[in-house]
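**Student:** Chain by chain, the residues run as shown.
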Amino acid sequence: MMKSSPLTHLEKLEKSGQASLFPNRIKITVGCASCGIAAGAQAVLEAFAKGIKKHTLDIQLQKTGCGGMCHQEPLVEVWIPGKVRLTYGRVDKEMVQTILTAIQKDAVPEGALLKTPLGAAAGICCEDVPDSSSHSFYSKQNRVALRNCGVIDPENIKEYIARDGYQGLALALTEKTPAKVIKEVEKSGLRGRGGGGFPTGLKWKTCRSARGKQKYIICNADEGDPGAYMDRSILEGDPHAVIEGMVIAGYAVGASQGVIYVRDEYPLAIERLKIALDQARKNIILGTKVLGTDFSFDIRISRGAGAFVCGEETALIKSVEGECGEPRQKPPYPAVEGLYGCPTVINNVETLANVSAVMAGGAARFSAVGTDTSKGTKVFSLVGKVNNVGLVEVPMGITLRDIIFDIGGGIPGGKAFKAVQTGGPSGGCIPAHLIDMPVGYDELAKTGSIMGSGGLIVMDEKTCMVDVALYFLRFLEDESCGKCTPCRVGLKRMREILEDICEGRGTAKDLSLLEKLANTIKDSALCGLGRTAPNPVLSTIKYFKNEYQAHIKDKKCPAGVCRELVQYAIDKKTCIGCGACVKACPVSAISGEKKKAHTINKKKCIKCGACSEICPVGAVLT
Amino acid sequence: MKLPRKNKVDTIIAQYKKDSGTLISLLQDIQSEFGYLPKDVLSYAGQSADIPLSKIFAVSSFYHSFSLEPRGKHTVSVCTGTACHVKNAGNLAESISRELGLDKDEGTSADGIFTLKKVRCLGCCSMAPVVKIDGDIHGGMTQVKAGKLLHHYRKDSK
Chain A
134 MMKSSPLTHL EKLEKSGQAS LFPNRIKITV GCASCGIAAG AQAVLEAFAK
184 GIKKHTLDIQ LQKTGCGGMC HQEPLVEVWI PGKVRLTYGR VDKEMVQTIL
234 TAIQKDAVPE GALLKTPLGA AAGICCEDVP DSSSHSFYSK QNRVALRNCG
284 VIDPENIKEY IARDGYQGLA LALTEKTPAK VIKEVEKSGL RGRGGGGFPT
334 GLKWKTCRSA RGKQKYIICN ADEGDPGAYM DRSILEGDPH AVIEGMVIAG
384 YAVGASQGVI YVRDEYPLAI ERLKIALDQA RKNIILGTKV LGTDFSFDIR
434 ISRGAGAFVC GEETALIKSV EGECGEPRQK PPYPAVEGLY GCPTVINNVE
484 TLANVSAVMA GGAARFSAVG TDTSKGTKVF SLVGKVNNVG LVEVPMGITL
534 RDIIFDIGGG IPGGKAFKAV QTGGPSGGCI PAHLIDMPVG YDELAKTGSI
584 MGSGGLIVMD EKTCMVDVAL YFLRFLEDES CGKCTPCRVG LKRMREILED
634 ICEGRGTAKD LSLLEKLANT IKDSALCGLG RTAPNPVLST IKYFKNEYQA
684 HIKDKKCPAG VCRELVQYAI DKKTCIGCGA CVKACPVSAI SGEKKKAHTI
734 NKKKCIKCGA CSEICPVGAV LT
Chain B
17 MKLPRKNKVD TIIAQYKKDS GTLISLLQDI QSEFGYLPKD VLSYAGQSAD
67 IPLSKIFAVS SFYHSFSLEP RGKHTVSVCT GTACHVKNAG NLAESISREL
117 GLDKDEGTSA DGIFTLKKVR CLGCCSMAPV VKIDGDIHGG MTQVKAGKLL
167 HHYRKDSK
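Chains A and B, in that order, are what the protein sequence lines are.
If you use this note's numbering, the first sequence corresponds to residues 134 to 755, in order.
If you use this note's numbering, the second sequence corresponds to residues 17 to 174, in order.
For the record, the hints were derived by calculation from the structure and aren't laboratory data.
Any given hint could turn out to be false.
Quick list of in silico lysine to aspartate or glutamate cross-link-like pairs, DMTMM-like style, CA-CA up to 25 angstroms [as the list claims (entries may be wrong)]:
#  : chain 1 : residue 1 : chain 2 : residue 2
1  : A       : Lys-737   : B       : Asp-119
2  : A       : Lys-625   : A       : Glu-636
3  : B       : Lys-24    : A       : Glu-179
4  : B       : Lys-120   : A       : Glu-594
5  : A       : Lys-716   : B       : Asp-45
6  : B       : Lys-71    : A       : Glu-179
7  : A       : Lys-320   : A       : Asp-286
8  : A       : Lys-216   : A       : Glu-243
9  : B       : Lys-133   : A       : Glu-610
10 : A       : Lys-595   : A       : Asp-656
11 : B       : Lys-71    : B       : Asp-45
12 : B       : Lys-34    : A       : Asp-297
13 : B       : Lys-174   : B       : Glu-49
14 : A       : Lys-187   : A       : Asp-297
15 : B       : Lys-34    : A       : Glu-179
16 : A       : Lys-579   : A       : Asp-535
17 : B       : Lys-33    : A       : Asp-286
18 : A       : Lys-705   : A       : Glu-594
19 : B       : Lys-134   : A       : Glu-144
20 : A       : Lys-415   : B       : Asp-35
21 : A       : Lys-689   : A       : Asp-656
22 : B       : Lys-120   : A       : Asp-611
23 : B       : Lys-33    : A       : Asp-397
24 : A       : Lys-160   : A       : Glu-243
25 : A       : Lys-422   : B       : Asp-66
26 : B       : Lys-33    : A       : Glu-404
27 : B       : Lys-55    : A       : Glu-456
28 : A       : Lys-740   : B       : Asp-66
29 : A       : Lys-689   : A       : Glu-726
30 : B       : Lys-24    : B       : Asp-66
31 : B       : Lys-148   : A       : Glu-179
32 : B       : Lys-71    : A       : Glu-648
Examples of chain B residues toward chain A, derived with CB under 7 angstroms [what the hints assert, rightly or not]:
#  : residue
33 : Ser-36
34 : Leu-58
35 : Tyr-60
36 : Ser-64
37 : Phe-73
38 : Ser-81
39 : Ser-83
40 : Pro-86
All C-beta atoms, glycine included, are put in the ideal place defined by N, C-alpha and C.
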């Protein structure tokens, strides 16, 4: 516990954090976020621990969060004191041995993907390894919200403090009035990163001036958009950044209690948050008299129970209260009447991680990056049909082409890029011809999509846009809370029409009927879920009408996805007769001699796609 | 309700009252104890915590993570996030359903070993398509790989 003054206490923690971040011996870190663990990071960590123990090596072994290069998981970094941090990708047990053997011989382990110099005085080392700042995956990135992800041990508050953590909070509490804190956030131009893009400073100001003895700060960590995992990565890799943002928000609006509403599907994030909250309490960052001042603030975790609609503010509040997550009419906005009827600020995880950066570095530095109306950076999960799948943070205003082709390395298998889906089920599909558009809240809205929380799902020529629209409608129909009729019944009707189109029963009238229904739902649904639900359909009709027409008129699915409209066949010229498809077929519909072209019995075929998945030469055609 | 079961529920309710918890947290605790929300436990809990059973049913049927049916020994969750969808998660789910002999795309196998669920995005989009068995995530799935994986779990269950 604290024996010295609060700020010297932080200084002490910073020193000990520096020693842990940059020890005088070799340090090995393993990326242990959920996706890293799924790729085998835990086994890699254990193999290192075993090897280090066996050979009694003087190595500091640690866990970190996600470094962003998800396509290279499990990721390992070797920190050579005073020199460089070397990154190794797709590490397996064998590579663990190679790395340890090299270190034993005082050599640099071979096969590093990239290097990052440690400090300005870093010696020249590993000249053949590309520098991370010039590497195509990182060179156009600017990591603000992700500044500590993959660098620090998320379970060690000292390492967070050593990276200027809680400095912004200390500065706010000791040198700024709440009004000045709000002014600073307003000046930074920070807008909500959860999807809506509402100015954060304005939200705080409204809550500050609202009447109420008790006020609340809620962190919305109910990251429900499919294909988006930015918030999970921040919570797993740098939980203190979010906690700091919440305490600053609490001070600014005059709240003494905070709630983190987190998805039940994120058990590791919950575990790391619990550890972080505990550490923050022990170091008087939470509790009574935060950092020795008169300000008190504490945070509790509220686990969601699996409902997409709870990402909507008023539904989320209902869920925190333990009720069914049904949204209500706004106004009154939660900033005036929120949790238990009290003024409540609801900010998203990434927004809060940015708040601590704004406070520590100042509004001017933050707003120097970005466009006129979209300041700072945005984290995107770049997934789908793209080579370098990963978590990227880019300055606002960068083009989609930069993200998909320069950072993402383009489309696998030489296939053609068709579209990119942004904004989850509330967003839309942006076609290839708009790929040079800069990324920003208003720019994306102009295309009929939205920025959303940051999922970027890349689609290639083998993705059917009608099927994608149907996918989102099914999702939304299932997630509709059922309170208002346009959403409950309207989405069902739209889904039925789309199913007809995908299954070959589409008629010429369907498109205009779909558009009419979509516009009615847009105008009349109660909450954001319903009002944005038609977006995936409207944007695909707008940009990919020819695909809809092919389904309706020609009864064909050009991408070869919609089952009722395709036939599976084996290309005789390409087939090498390996027999893999024969084994994979669950209904024994494929036959052929070894090393000779095989054939599919169309009467037996159930179009499950198992053969197409397993074929090593891509000979299965649809 | 018999004693050991009743004691377990009493402990959960005592904790709920002490923490002044919400109905959702109460149901989460019951589900993690019993694997699902058994009817007798719910009606007993409703009486002791003074919550109408109708409200308990409303909340437990509103949220996806609650199950009113018993689950198999292993829960197989097929991720249906967008990244998984464009990488053919739909076909994968059907293939697992076929493998388990289910007549629907979700449910529990006749031998009680597996419960198949289609779930919302698990946030491991970089490894799409993804299947989660109990707490373990398996990425880069194909229908053939999934079949082998199930076989492995089935062997361990016997």
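**Student:** Hint by hint, say whether it matches the structure.
**Tutor:** Each hint, compared with the structure:
1. Proposed proximity of A:Lys-737 and B:Asp-119 is supported: the alpha carbons are some 19 angstroms apart, at most 25 angstroms.
2. For the given pair, A:Lys-625 sits about 16 angstroms from A:Glu-636 by alpha-carbon distance, which is consistent with the 25 angstroms threshold.
3. Restraint check for B:Lys-24 and A:Glu-179: not satisfied, since their Cα atoms lie roughly 36 angstroms apart, outside the 25 angstroms limit.
4. The suggested pairing of B:Lys-120 with A:Glu-594 is violated, with an alpha-carbon distance near 31 angstroms, which exceeds 25 angstroms.
5. A distance of roughly 44 angstroms separates the Cα atoms of A:Lys-716 and B:Asp-45; the hinted pair therefore is violated under the 25 angstroms criterion.
6. The suggested pairing of B:Lys-71 with A:Glu-179 is violated, with an alpha-carbon distance near 47 angstroms, which exceeds 25 angstroms.
7. With a C-alpha separation of about 32 angstroms, the suggested pair A:Lys-320 and A:Asp-286 falls outside the 25 angstroms cut-off, and the hint is violated.
8. For the hint linking A:Lys-216 to A:Glu-243, the alpha-carbon distance of about 16 angstroms falls within 25 angstroms, and the restraint holds.
9. Taking the CA atoms of B:Lys-133 and A:Glu-610, the gap is about 18 angstroms. The hint holds against a cut of 25 angstroms.
10. Proposed proximity of A:Lys-595 and A:Asp-656 is contradicted: the alpha carbons are some 33 angstroms apart, above 25 angstroms.
11. Taking the CA atoms of B:Lys-71 and B:Asp-45, the gap is about 17 angstroms. The hint holds against a cut of 25 angstroms.
12. A C-alpha spacing of about 38 angstroms is found between B:Lys-34 and A:Asp-297, which places the hinted pair above 25 angstroms, so the restraint is violated.
13. For the hint linking B:Lys-174 to B:Glu-49, the alpha-carbon distance of about 23 angstroms falls within 25 angstroms, and the restraint holds.
14. Our distance criterion of 25 angstroms between C-alpha atoms is broken by A:Lys-187 and A:Asp-297, whose separation comes to about 36 angstroms.
15. Simply put, B:Lys-34 and A:Glu-179 have alpha-carbon atoms about 39 angstroms apart, too far for the 25 angstroms limit, and the pair is violated.
16. Taking the CA atoms of A:Lys-579 and A:Asp-535, the gap is near 19 angstroms; set against the 25 angstroms cutoff, the hint holds.
17. Under the criterion of a C-alpha separation no larger than 25 angstroms, the hint pairing B:Lys-33 with A:Asp-286 is inconsistent with the structure, at around 36 angstroms.
18. Among the hinted pairs, A:Lys-705 with A:Glu-594 is consistent with the structure: their alpha-carbon atoms are about 22 angstroms apart, no more than 25 angstroms.
19. Of the supplied pair hints, the one linking B:Lys-134 and A:Glu-144 is violated, its CA atoms being roughly 49 angstroms apart against a limit of 25 angstroms.
20. For the proposed pair A:Lys-415 and B:Asp-35, the alpha carbon gap of about 21 angstroms is at most 25 angstroms, so the pair holds.
21. Restraint check: the Cα-Cα separation between A:Lys-689 and A:Asp-656 comes to about 33 angstroms, which exceeds 25 angstroms; the hinted pair is violated.
22. With a C-alpha separation of about 17 angstroms, the suggested pairing of B:Lys-120 with A:Asp-611 holds against the 25 angstroms cut-off.
23. With a C-alpha separation of about 22 angstroms, the suggested pair B:Lys-33 and A:Asp-397 falls inside the 25 angstroms cut-off, and the hint holds.
24. Restraint check: the Cα-Cα separation between A:Lys-160 and A:Glu-243 comes to about 16 angstroms, which is no more than 25 angstroms; the hinted pair holds.
25. Taking the CA atoms of A:Lys-422 and B:Asp-66, the gap is near 37 angstroms; set against the 25 angstroms cutoff, the hint is violated.
26. For the proposed pair B:Lys-33 and A:Glu-404, the alpha carbon gap of about 23 angstroms is at most 25 angstroms, so the pair holds.
27. About 19 angstroms separates the Cα atoms of B:Lys-55 and A:Glu-456, which keeps this hinted pair within 25 angstroms; it holds.
28. Distance check on the hinted pair: A:Lys-740 and B:Asp-66 sit about 53 angstroms apart at the alpha-carbon level, beyond 25 angstroms; violated.
29. In summary, the hint linking A:Lys-689 to A:Glu-726 is not supported, as the alpha carbons are separated by about 32 angstroms, beyond the 25 angstroms threshold.
30. For the suggested pair B:Lys-24 and B:Asp-66, the alpha carbons sit about 18 angstroms apart, so the restraint of at most 25 angstroms is met.
31. For the hint pairing B:Lys-148 with A:Glu-179, the CA-to-CA distance comes to about 22 angstroms; that is within 25 angstroms, so the pair holds.
32. A hinted pair counts as satisfied when its Cα atoms are at most 25 angstroms apart, and B:Lys-71 with A:Glu-648 does not qualify at roughly 38 angstroms.
33. Interface restraint check: B:Ser-36 against chain A, minimum CB-CB distance 10 angstroms, threshold 7 angstroms, status violated.
34. The interface hint given for B:Leu-58 is broken, as the beta carbon of that residue sits about 15 angstroms from the closest beta carbon of chain A, more than 7 angstroms.
35. The closest approach between the C-beta of B:Tyr-60 and any C-beta of chain A is roughly 19 angstroms, which is over the 7 angstroms cut-off, so the hint fails.
36. Because the smallest distance between the Cβ of B:Ser-64 and any Cβ of chain A comes to about 17 angstroms, over 7 angstroms, the interface hint for this residue is violated.
37. For the restraint placing B:Phe-73 at the interface with chain A, the shortest Cβ-Cβ distance is roughly 11 angstroms, beyond the 7 angstroms limit, so the hint is violated.
38. The interface hint given for B:Ser-81 holds, since its Cβ lies 4 angstroms from the closest Cβ of chain A, which is under the 7 angstroms cut-off.
39. Contact between B:Ser-83 and chain A, as hinted, is not supported at the beta carbon level, the nearest pair being about 11 angstroms apart and thus beyond 7 angstroms.
40. Below 7 angstroms, beta-carbon pairs count as interface contacts, and B:Pro-86 has none with chain A, the closest being about 18 angstroms; its hint is therefore violated.
In summary, the structure is inconsistent with hints 3, 4, 5, 6, 7, 10, 12, 14, 15, 17, 19, 21, 25, 28, 29, 32, 33, 34, 35, 36, 37, 39, 40 from the numbered list given earlier, while agreeing with the others.
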